[in-house]
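Visitor: Residue-level listing of the chains:
Number of protein chains: 2
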Amino acid sequence: MLSGGVGAARLLRALCDVIDPAQVVAVVNVGDDLVLNGLTICPDLDTITYTLARMNNDDLGWGLRDETWRVMDELAALGGEAWFRLGDRDLATHLYRSQRLNDGATKTEVTAELTQRLGVGVRLLPVTNDQVATEFVTDQGRLTFQEYFVRHHHDVVVSSVEIVGAEEARLSDEARRALEDADRLVIAPSNPLISIDPILRVPGVREILLERREHVVAVSPIIQGAALKGPADRLLRELGHEVSTLGVVDFYEGLVGTWIIDEADAALAEAIRARGVRVEVTTTIMADRANAERLAKVVLS
Amino acid sequence: MLSGGVGAARLLRALCDVIDPAQVVAVVNVGDDLVLNGLTICPDLDTITYTLARMNNDDLGWGLRDETWRVMDELAALGGEAWFRLGDRDLATHLYRSQRLNDGATKTEVTAELTQRLGVGVRLLPVTNDQVATEFVTDQGRLTFQEYFVRHHHDVVVSSVEIVGAEEARLSDEARRALEDADRLVIAPSNPLISIDPILRVPGVREILLERREHVVAVSPIIQGAALKGPADRLLRELGHEVSTLGVVDFYEGLVGTWIIDEADAALAEAIRARGVRVEVTTTIMADRANAERLAKVVLS
Chain A
1 MLSGGVGAAR LLRALCDVID PAQVVAVVNV GDDLVLNGLT ICPDLDTITY TLARMNNDDL
61 GWGLRDETWR VMDELAALGG EAWFRLGDRD LATHLYRSQR LNDGATKTEV TAELTQRLGV
121 GVRLLPVTND QVATEFVTDQ GRLTFQEYFV RHHHDVVVSS VEIVGAEEAR LSDEARRALE
181 DADRLVIAPS NPLISIDPIL RVPGVREILL ERREHVVAVS PIIQGAALKG PADRLLRELG
241 HEVSTLGVVD FYEGLVGTWI IDEADAALAE AIRARGVRVE VTTTIMADRA NAERLAKVVL
301 S
Chain B
1001 MLSGGVGAAR LLRALCDVID PAQVVAVVNV GDDLVLNGLT ICPDLDTITY TLARMNNDDL
1061 GWGLRDETWR VMDELAALGG EAWFRLGDRD LATHLYRSQR LNDGATKTEV TAELTQRLGV
1121 GVRLLPVTND QVATEFVTDQ GRLTFQEYFV RHHHDVVVSS VEIVGAEEAR LSDEARRALE
1181 DADRLVIAPS NPLISIDPIL RVPGVREILL ERREHVVAVS PIIQGAALKG PADRLLRELG
1241 HEVSTLGVVD FYEGLVGTWI IDEADAALAE AIRARGVRVE VTTTIMADRA NAERLAKVVL
1301 S
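Heads up: the sequence lines are chains A and B, in that order. Numbered according to our numbering, the first sequence spans residues 1 to 301. Numbered according to our numbering, the second sequence spans residues 1001 to 1301.
Careful, some of the hints might be misleading.
Cβ pair distances, simulated, as ranges [said to hold, decoys possible]: (1) B:Glu1180 with A:Gly104: 52 to 62 Å; (2) A:Leu60 with B:Glu1109: 28 to 38 Å; (3) A:Ala77 with B:Glu1168: 47 to 57 Å; (4) B:Asn1291 with A:Ala77: 30 to 40 Å; (5) B:Arg1085 with A:Gly104: 19 to 29 Å; (6) B:Asp1155 with A:Arg289: 40 to 50 Å; (7) B:Asp1155 with A:Leu60: 18 to 28 Å; (8) A:Phe84 with B:Gly1121: 25 to 35 Å; (9) A:Asp173 with B:Gly1119: 48 to 58 Å; (10) B:Gly1119 with A:Ala22: 48 to 58 Å; (11) A:Gly104 with B:Asp1250: 51 to 61 Å; (12) B:Gly1141 with A:Gln116: 24 to 34 Å; (13) A:Gly79 with B:Asn1291: 35 to 45 Å; (14) A:Gln116 with B:Gly1121: 47 to 57 Å.
Covered stretches of chain A (in silico footprint by chain B; criterion: 3 or more residues with CB under 8 Å from a CB of chain B, positions within the stretch not fixed) [unchecked claim]: (15) 61-71; (16) 284-294.
No lab work stands behind these hints, which were simulated from the structure alone. Please read these numbers as outputs of a predicted model, since none were measured by experiment. Using N, Cα and C, we set each Cβ at its ideal position, and we do this for glycine too.
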């Protein structure tokens, strides 16, 4: 599964309820990664790890359950950079990762260590071990991903998104092999423009999907013209795409063999099929476990 | 005051009880500094800061009072580097420092920000903004300072100490000015070999002390052949020095105008005076506030 954060994490979790997690591999976006307070933070990898380890905080929608905030409170008192809230439990992950990266380990290796330690059966592969940074040109100036997403709550006007470093990044051997060998490639219902596109822009990924199109299944992140969560709809509009499942279908043109769209968008099925792809209609909202499991089964079937 | 950690911190605190803290400047050892878990940690600067801010943990002898250990416990569970115990409150300091250093601030600037924020009146100046690393050649192999001190509890046989980077380090302008302009220069009762020597080896420091010798007062860290705390006595022996106040006097040869030694070593006063320096005899153990204040007054008189 080409994976962003929350949406991908939920679908991965649902897949694990239906098949052996050892059969599932996620190739994960690293465009949101940042260095803050000296620590390397990988929000999408961590969201998936925590969700699959059943440690995620469903109330907050991010971070860990049973979290405490001692360090951040002290950091705020010192006048430090405390806008990106790093919980005490969460910090341990970032300390671990930063130490191992300083030791010379790759992000792929560190991710394997963390997931193994936390009992995550799914294999998580950062798409690249190189630095990729999703940046936003906005009416507030140029923003890093987390400045845009967390500091400004994505409430700014975006004129363009740039995936800095993507073109020079090297698709990791592990991710390449996973993409080439998988029986099925799934594009998660993550934000196309800022979660999936940074994966597609790493040289090699788009080519593999074009080649393996018949095996590619995509789940639309848009339902009735709106994103369930996050700024996908607004970004589609601001960046000149149609704000609907059709807009996403066109964005992924040539890469997808089968689209899975929500029942509420059933009326669009014909228009999508007219573009030469298969369409499955089901409930794509993973509001409860039963729905998520149904979606997982459709993805697998 | 040329300062290491705990001993210097206590004498600085005592001085603040006697004179205006704004008149006191500490030039601080950075040879113990380390990068761990991605964070830059400055143990001597932090020990002094916390002690002067009255935040230090007297029971532990290091770190902060009211400390909690959530992050370290989680890091240990992840299999991370948890032998160097970083408390949750303490971590905020290291996150703050690491962020500011990444921003391009110097260690001197970061120290000024932290001390200002924590209400420390004494000016703390890292002797250099460059990297200096005190390393130990031991029967357990080559060890970094914290491996020697914390991981091995300084219970190894040391054949030599190397202050890596000292000769190339640049004495900071602020520290140089402080050393040149101070009415009195004090060598703290810190470990001569591993707390004070890394300061003296930064080019310029030794020369200033040689020049200003008449203004230099040193407090012996050795009483009746033993260190109050830490491995100073053992290191003196292993590195071929006499294990007594006389050994320390000879180690600082030419740099000190007045020695302050403990009453228990009064019998050594004549031998020290014979080396051409003044000697004051008093209680040098800062066991309680009254004793510490008495020592501070002798230092100032």
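Visitor: Now, for every hint given, state plainly whether the structure supports it.
Guide: Going down the list of hints, with the structure as the test:
1. Take Glu1180 (chain B) and Gly104 (chain A): their Cβ atoms lie about 43 Å apart, and the range 52 to 62 Å is violated.
2. Look at Leu60 (chain A) against Glu1109 (chain B): about 35 Å separates their beta carbons, and that is inside 28 to 38 Å.
3. For the hinted restraint 47 to 57 Å between Ala77 (chain A) and Glu1168 (chain B), the CB-CB distance of approximately 37 Å leaves it violated.
4. Against the hinted window of 30 to 40 Å, the Cβ-Cβ separation of Asn1291 (chain B) and Ala77 (chain A) comes to about 33 Å, which satisfies the hint.
5. About 25 Å separates the C-beta atoms of Arg1085 (chain B) and Gly104 (chain A), a value consistent with the hinted range of 19 to 29 Å.
6. In this structure, Asp1155 (chain B) and Arg289 (chain A) break the distance hint of 40 to 50 Å, their C-beta atoms being roughly 55 Å apart.
7. With their beta carbons about 46 Å apart, Asp1155 (chain B) and Leu60 (chain A) fall outside the hinted range of 18 to 28 Å.
8. At about 32 Å, the CB distance of Phe84 (chain A) to Gly1121 (chain B) agrees with the hint of 25 to 35 Å.
9. The hinted range of 48 to 58 Å is satisfied by Asp173 (chain A) and Gly1119 (chain B), whose Cβ atoms lie roughly 53 Å apart.
10. The hinted window of 48 to 58 Å between Gly1119 (chain B) and Ala22 (chain A) holds, with their beta carbons roughly 55 Å apart.
11. Evaluation of the 51 to 61 Å hint for Gly104 (chain A) and Asp1250 (chain B) yields a failure: the beta carbon distance comes to about 44 Å.
12. Checked against the hint of 24 to 34 Å, the C-beta distance between Gly1141 (chain B) and Gln116 (chain A) comes to roughly 29 Å, which is consistent with it.
13. Taking the beta carbon of each, Gly79 (chain A) and Asn1291 (chain B) are about 36 Å apart, inside 35 to 45 Å as hinted.
14. Remark: the range hint 47 to 57 Å for Gln116 (chain A) to Gly1121 (chain B) is upheld by a beta-carbon distance near 50 Å.
15. Counting residues of the stretch 61-71 of chain A whose beta carbon lies closer than 8 Å to any beta carbon of chain B gives 3, which meets the minimum of three for the stated coverage.
16. Three residues within the 8 Å Cβ limit are the bar, and the stretch 284-294 of chain A against chain B gives 0, so the coverage statement is violated.
Violated hints for the displayed structure, listed by number in ascending order: 1, 3, 6, 7, 11, 16.
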